[in-house]
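Undergrad: Take the sequences, apply the hints, and build the full model.
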Amino acid sequence: QVQLVESGGGLVKPGGSLRLSCAASGFTFSDYYMTWIRQAPGKGLEWVSYISNSCRTIDYADSVKGRFTISRDNAKNSLYLQMNSLRAEDTAVFYCARYRLWEEIDFWGQGTLVTVSS
Amino acid sequence: QSVLTQPPSVSGAPGQRVTISCTGSNSNIGAGYDVHWYQQVPGTAPKLLIYANTNRPSGVPDRFSGSKSGTSASLAITGLQTEDEADYYCQSYDNILNRPGVIFGGGTKLTVL
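Which chain is which? The protein sequence lines are B and L, in order.
Position one of the first sequence corresponds to residue 8 (this note's numbering), numbered consecutively onward.
Position one of the second sequence corresponds to residue 153 (this note's numbering), numbered consecutively onward.
If you are wondering where the hints come from, they were derived from the structure by calculation, not from laboratory data.
Below, in silico cross-link-like pairs of lysine-lysine (DSBU-like), each with a Cα-Cα straight-line distance of 30 Å or less:
no. : chain 1 : residue 1 : chain 2 : residue 2
1   : B       : K50       : L       : K261
2   : L       : K199      : B       : K72
3   : L       : K261      : L       : K199
4   : B       : K83       : B       : K72
5   : B       : K20       : B       : K72
6   : B       : K20       : B       : K50
7   : B       : K72       : B       : K50
8   : L       : K199      : B       : K83
9   : L       : K199      : B       : K50
TA: Right under this line is the structure:
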């Protein structure tokens, strides 16, 4: 069955860095675009970044552009998010999810919590 | 502020019908992009509820239905049940900057009275 398992979250000080990982299984990883979506405590869903199945196309929300870097390794069925210069407002549960461009996000991981605090 | 506008909350008694609206613009829903709906029970990940405006994934009860018209979409839930109490989000795409951005509504909290 389809599984997306995020890891790498935790407590980090403002200005610090963190690398999130998402291990995919149960489907052909290289067939799908992958995305990171976050949810601050008590707030709604916010798209963070996406990467195309071939890594040819990448984009970021303005709120993270220049600080976050998305990548994937299709041979390892893994998605990553390198987060630098973290701010308190980056505190959120980060979900990895799969989709096909212009279509629905049909599967989400369980999420990993990132807390940015001194 | 979300690109897609949803009411913050709706409520209904068990057995009743409720609708949740999702209003966009000519650069997203009005441009022809499909609308998708997700259900999120507190403390869990969102789950796909309706895709491509009107379609239900396998396992989603037919009490849930979706529609789309112009720059808006709606989610209807009939025969409300206590387990329907959750947050609901609409999602579409926006190509205003020639970037295929994923956009969400702000979410609607459904309370079953």
